[in-house]
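2 protein chains.
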Amino acid sequence: MPRSVAAHRQAVVELLTGATTSNGRLRLPLLEALGKALAADVHAPLSLPPFANSQMDGFAVRSADIPDDGAELWVAAPVPAGAEPAALKSGFAAPIMTGAMIPDGADAVVPIEKATPNAFPDATARDAVVDLPAVAPGTYVRNRGSDIEKGALALPAGTLLGPAQLGLLAALGLTAVDVREPLLVLLVTTGDEVVEPGEELSAGKIYDSNGTLLEASMRQAGLRVVRTGISDDDPASLLTELHRHTRNTDNPVDLVVTTGGVSKGAYEVVRQAMAGHPVDFLPVAMQPGGPQGLGTFNGVPFLGFPGNPVSCLVSFEMFLRPALSQVMGTPALRAVRTAILAEPLTSPEGKHQVRRGSVGADGMLRMEGGAGSHLVHALARANALVQIPVGVTELAAGAEVEVWML
Amino acid sequence: MPRSVAAHRQAVVELLTGATTSNGRLRLPLLEALGKALAADVHAPLSLPPFANSQMDGFAVRSADIPDDGAELWVAAPVPAGAEPAALKSGFAAPIMTGAMIPDGADAVVPIEKATPNAFPDATARDAVVDLPAVAPGTYVRNRGSDIEKGALALPAGTLLGPAQLGLLAALGLTAVDVREPLLVLLVTTGDEVVEPGEELSAGKIYDSNGTLLEASMRQAGLRVVRTGISDDDPASLLTELHRHTRNTDNPVDLVVTTGGVSKGAYEVVRQAMAGHPVDFLPVAMQPGGPQGLGTFNGVPFLGFPGNPVSCLVSFEMFLRPALSQVMGTPALRAVRTAILAEPLTSPEGKHQVRRGSVGADGMLRMEGGAGSHLVHALARANALVQIPVGVTELAAGAEVEVWML
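Which chain is which? The protein sequence lines are F and V, in order. The opening residue of the first sequence carries number 1251 in our numbering; numbering runs sequentially from there. The opening residue of the second sequence carries number 1251 in our numbering; numbering runs sequentially from there.
For reference, chain F alone in the conformation it holds in the complex:
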């Protein structure tokens, strides 16, 4: 009985949970922390706003000075943004700019558009007056602490730090932040038929795209990556590489990911190399990407992805990426939406199929290539993974399907 997609994802979450508890933290300048996950709660060292300030260009007033039918007030010295104004005396109105501090005594702002005259008097004018309508206390005043109070939780541990979160930390006066140290992944691509891009391609060989595809995916997800060269189909040479990297205490890897050699052929190098290590090779009820390896090697968490490029990408997106989001707080989960099938499709009985498609601006979903897991050109045209759950074997054009936006 193959394992469900959800059950295998949960197994990856559990595998990573062990890997990450021992992981450290880094203190980084704010902008270097972009895309990383906060290591610990941040509490506000000051209130935001730090002082009551005006939401409008207008006149700061004592609201009690103005009866229901309005009043004429003396114009006080103007309050520019950034200045500490004198207290406002009764009977006066102070010209005030957006963001400027509300003077002591004032409790409301009348916008300049509602004043008569509706322009600020020249700064050199003496004894100027202004007619203002009545105003409720608090009008157009941004109170101290109305966004966040000093001491309150600003961002919880695990928060993914994007522009808005870093902007908040800057607004709080912070210049650096503790982030979770990214995991270091050892990425090994295998196969006698695979050669490095740029080398000569002899008959029967193909260029390795898995290494580039997965390293790019991992970097985008915030992981650090070390690569071995392509491992051939000799288990002994693969084992040598795995031992060398998993026993390197200077630069310990947190996770090993291999590609290829996990299915049921006659030459399955990863299965052979893992014999004697606590690693399961199992079918997951998913297409492509059904055969998966999961366990540990020398105590380091291990994932064995299948060898086709589309299977690698689907394995990463369906298992490792969401598990990282859950356990590490980074990367962000893929945006999930529904789209309308522009064409009918079929899916195998008993499998969760992951097809590649393009969602247009009109919300219509067109398939990119067939189900074949070697179709890397079709993959490169897709902007979405199409999720066809177990139990659905046919969908008509016009049907709604769930897609994950790449």
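Be aware that a few hints might be false.
Identical chains blur together in the list; that is why a pair holds if it fits in one copy or across any two.
[As the list claims (entries may be wrong)] In silico DSBU-like pairs for lysine-lysine, Cα to Cα no more than 30 Å straight-line:
hint, residue 1, residue 2
1, K1400, K1514
2, K1514, K1339
3, K1364, K1514
Just so you know, the hints here were simulated from the structure itself, not pulled from any lab data.
Keeping the supplied structure of chain F fixed, place chain V upon it in accordance with the hints.
Below, chain V without anything else, positioned relative to chain F:
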């Protein structure tokens, strides 16, 4: 009459179109090109797959050898992946692994599961035979060029290079790629009330969050950023900085973005500094982020964003980011979806309101903070910009709204 959001976005597109035509290209190793835009069309230097290969572990056969009721065939030498096999003689079936080259003469693959016996004979066995069912020509054969033919367009100029696109280039044997040189932006935050994070905060002052928020947004969108220090509200010192950077021929900036000083208060430093330059300051029918500046300074495209952090982020997301996507090919457009309002909301007559909200796993949308453009803590909790178009002034709980996922 304020300008519409769409009209202002189009004006930004036109402004950037001029800026980018003169921009160069960079040749980068594949992984360094992640997130950048392809500078020129890439045509396939080889076909994918480069040779006909097996989609299954099984037996390569001449389909004509097997009548409808099956046949017993001699077992030929096995074909591992990566090898160039001998031609298949009539009456023989060759054990073949997934991805291995189809031997000359063979035209179909019978999966191992359908063979009798359903396991490969030992490589040392002599005179082994296998019973196989009939098979249509082409079955489980991935034809040469079925993903892409040599010489065909692999990726068009402007393609955003993500993991799948880089994986395709690697599969084509390429090791480097020409990308569009990222724009260099001069980012200037202004305001007498604004001080750098880490400095002392005296009365009436606030920390600059716009610089961090916008630099992070710009970096995420693939731009390079240079910053001046915070400019005070003296137009002469702002002009000095702008002249210095826009006349620097060693490191020419492609775009100038300022924050603050664009509305109608008494001290609008950006408006004052731009007097005599071809820059318009105009209201856009949007809240927040209504006042906008657009033009050129010393021939360099210029955008003046408002001074509040939420207005800055909204200006970036509604105008600059989508214009970059359109003109430069990078970054990807924000994922757009609909969500269900968990609470009622109101929006001002005649304005496109952009609220901040959180879309939950259940598709329900909760507002983060009110409409106030100073609410940077609320912004940091949001995962979506909520789009409430002109003409909509009230929405009930349960209504569908468009959101852009951050």
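Do the hints match the structure? See the list:
| no. | hint | result |
| --- | --- | --- |
| 1 | K1400 / K1514 | neither (61 Å within a copy, 32 Å between copies) |
| 2 | K1514 / K1339 | between (87 Å within a copy, 26 Å between copies) |
| 3 | K1364 / K1514 | between (79 Å within a copy, 14 Å between copies) |
Hint 1 alone, counting from the list given before, is not met by this structure.
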